[in-house]
Structure formats: structure tokens, C-alpha cells
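K.L.:
Each chain is listed here by its residues.
Protein chains: 2
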Amino acid sequence: MTTETKTLVVERTMSHPPEKIWRALTMTPMVAEWLMQNDFQPVVGHRFTFRAKPMPGWKGYTNCEVKEVVEPTRLVYSWGDGTESDAGLMTVVTWTLTPTANGTMVRMEQSGFRPVDEMGFKAMGGGWPGILERLEKAAGQA
Amino acid sequence: MTTETKTLVVERTMSHPPEKIWRALTMTPMVAEWLMQNDFQPVVGHRFTFRAKPMPGWKGYTNCEVKEVVEPTRLVYSWGDGTESDAGLMTVVTWTLTPTANGTMVRMEQSGFRPVDEMGFKAMGGGWPGILERLEKAAGQA
Chain V
188 MTTETKTLVV ERTMSHPPEK IWRALTMTPM VAEWLMQNDF QPVVGHRFTF RAKPMPGWKG
248 YTNCEVKEVV EPTRLVYSWG DGTESDAGLM TVVTWTLTPT ANGTMVRMEQ SGFRPVDEMG
308 FKAMGGGWPG ILERLEKAAG QA
Chain H
188 MTTETKTLVV ERTMSHPPEK IWRALTMTPM VAEWLMQNDF QPVVGHRFTF RAKPMPGWKG
248 YTNCEVKEVV EPTRLVYSWG DGTESDAGLM TVVTWTLTPT ANGTMVRMEQ SGFRPVDEMG
308 FKAMGGGWPG ILERLEKAAG QA
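If you read the protein sequences in the order shown, they are chains V and H.
Quick note on our numbering: the first sequence kicks off at 188 and runs consecutively.
Quick note on our numbering: the second sequence kicks off at 188 and runs consecutively.
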């Protein structure tokens, strides 16, 4: 059987240390600031939901589950659970923080887009750069 | 300084062994069949050009250089050299072939899209899945 998936990777160097970025990635009110309203907790197995205003093709919520938590370098959660929550997306988001001389290389990988998810792939591909820009600003206040 | 890049990854399982896919990836007339006219050679340091009909935003050629050749599992070449050849793209394409029980997992990674390359990112993101489909067909005759 032929199967095909696409993955998005966005990398951004930030001038903050990993610990600050980790706080912005994992504290509920901060995540709300740069990404969406949520009931995230940095606990493996925790199920949570991102919520925002519905748009054409998206009902306004995305069901997720925490898969890995390695403070302050690696955070993995599923994004979409195959239900209507996110137009059927069943992707995985992996955050990797690598310290550099002056800050942190932040890598966001969203994998598992199937051919049927092309609209979501395009939307997220256009969306992540702005999201990482907001994350950097939020981390500055973490 | 803040820098940001995006990477596209397309993975497709194919029912052919790596050796067949490798031939389709590296033999000039076959590459022309699934990708573009070219003077590719699987030799590190070899500079070559992909050519096709110009389109808005693309002059019809892309200057490349072979970076790594590990038959039959890994092939790396630069894609665009920062000149007008490919709207200034300076990306790197990495092909990875991993044998599976029934064939091969083919992974194409194109990295190094800067914010200014967003149009190219969108175009390539839409283009690669069809290209890999054609690669699979070409490999069937390799």
C-alpha cells in the first residue's frame, strides 16, 4: 500500500535561554498568549484541547494528548485526534529546544499530514512562523 | 539575531526496493521523467541545473550542487544557489531511502526556506507529493 505524509518544520533562533522558552511553552496562560486558549499540562498522557474562533474548515477546537515531556528541551503532543476536532487531523507536534551561544534554537515539527489534510497543511504552514514570533515575544516575559 | 527557516518533508512508502528507486533518483533520463530536464550526475561536487518551462516567480532553471552520495540510501544536493536561478532559493534537498518489509520508505526533505522564500515554500509544498508519485511510477520501470 502506498501511504504518504508531509511534515512541517519551522526553526527559529531566539535570544532567550531554553528555560524561559520552556515556561512559555508549558504554562497555560502563556500558551494562551502566543497560541490558543487551552487546558494544557506538561504531564505525559494528559489530554487537553486548544480552542479559538471557528474558521471555515476548522470547528474551533483541537484535541491533543501529551506524549513526551523532557524539561527544558523536548515537548511532544498529538495535534488532532482524527475526529471532527481539527478537520480530522492526526498530527504530532514536537518542540525541540537546543541551547546556543546567545540563546536557543527552537524547532517545531508537525508531522503526519496525509493527502486528505492538504488544507490543514497549507493553513499550518502559513501559520507557524507568526506563532513562533509570538512565542519569542511571550518568552521574553517568562 | 533572529533567523527563521522552514523545512518541507514528504514521506511516501513505495513497493519497490531501494535499488530501483536509487536508479530513478540518479539516472539523468529517469530524473527527467519524474522531475525535470537535468545534467545531474551522482558525484559529490558536481554542479548541475534543473530546467523546465518558466512560470511566474521562477525563471525556468534551478542551479544545484551534489553534496552527498551514499548508494542506495542517501542523496543530498543544494537546490538553488541564491541567484535568480530559483527566485533566490538557497535550499537543500535530502533523499533518504529506508528498506521496509515490502519496499522502501522514501523521505524527501527540503530545508532552508527563509521568510522571503514563502512563495517557493508554498509552491514546493504543493508540488512534491505529485513529484513523489511520479518517482514511484518511474522506479517501477527502473
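Treat the hints with caution; some may be incorrect.
Identical copies go unnamed one by one, so any copy, or any two together, can satisfy a pair.
[What the hints assert, rightly or not] The list that follows gives simulated cross-link-like pairs (lysine-lysine, DSS-like), each with its CA atoms no further than 30 Å apart: (1) K240 with K254; (2) K309 with K324; (3) K240 with K324; (4) K246 with K324; (5) K246 with K309; (6) K254 with K324; (7) K309 with K240.
Quick caveat, the hints were computed from the structure, so don't treat them as lab data.
K.L.:
What hint numbers does the structure not satisfy?
P.N.:
none
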